[in-house]
Every structure is written in structure tokens, then in C-alpha cells.
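**Student:** All chains, full assembly: derive it from the sequences and hints.
Under the UniProt record's numbering, the first residue of the sequence shown is numbered 1, with each subsequent residue one higher.
Label pairs and their calculated CB-CB ranges: (1) Leu-6 - Arg-57: 52 to 60 Å; (2) Lys-3 - Ser-78: 55 to 63 Å; (3) Ala-24 - Lys-58: 49 to 57 Å; (4) Ser-2 - Ile-74: 49 to 57 Å; (5) Arg-5 - Lys-25: 29 to 37 Å; (6) Ala-68 - Ile-9: 44 to 52 Å; (7) Glu-56 - Ser-78: 15 to 23 Å.
Here are the simulated SDA-like cross-link-like pairs (lysine to any residue), alpha carbons at most 20 Å apart as the crow flies: (8) Lys-58 - Gly-79; (9) Lys-58 - Arg-70; (10) Lys-12 - Ser-2; (11) Lys-12 - Ala-24; (12) Lys-25 - Glu-15; (13) Lys-13 - Ser-2; (14) Lys-3 - Lys-13; (15) Lys-12 - Glu-23; (16) Lys-3 - Gln-14; (17) Lys-58 - Ala-68; (18) Lys-58 - Val-69; (19) Lys-58 - Glu-80; (20) Lys-25 - Gln-14.
Quick caveat, the hints were computed from the structure, so don't treat them as lab data. It should be emphasised that the depicted structure is a prediction, and the values quoted were computed from it without experimental measurement. Quick reminder that beta carbons are idealized off the backbone N, C-alpha and C, glycines included.
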Amino acid sequence: MSKNRLSQIQSKKQETEEEAREEAKQRLHGEKPWEDEEKTDRVSMRVEPSLKEEFERKLPRFASISDAVREYMIRVASGESDV
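**Tutor:** Encoded structure:
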């Protein structure tokens, strides 16, 4: 490993350790370092029901997921459905 790359790794390690120390100090004093971060709602990250219903309407029920994916890819390739 070159000296330059080794020094980059060492400096990154030092930065990470310093950040961890700062976060630990904040937690020790009762501060929450992630308090300002945006929280995501698990429900909002799911597929919208209307999209799921539309997808199920376009593709009939299959015995396996691989059959459904194969049929979907055939429809996309032939232009019957869009990605």
C-alpha cells in the first residue's frame, strides 16, 4: 500500500474516532445528536396501494414471482407496459 493511501486511511480513521468521541460526549450530557435529522415514516416508504392494485390488475396471478417478473419483462420489451 502506498504511503499516500496509508495516510489517507489513517486520517479518515482519526476523523471517525473524533466524531464518535464528540457524539459520545453529547450523549453523556443528555444531548441527542440526531434530534435535528429528518425522520422517515415506515408507512410512507411502502408502495402506494393504488400502484400495487394497478400492477396486480395488469399482471395476472402467477405460481411464482419469477414467472410474474418474466411476464412483466416480456410486456415491457414489447411495449405493452412501461417500467
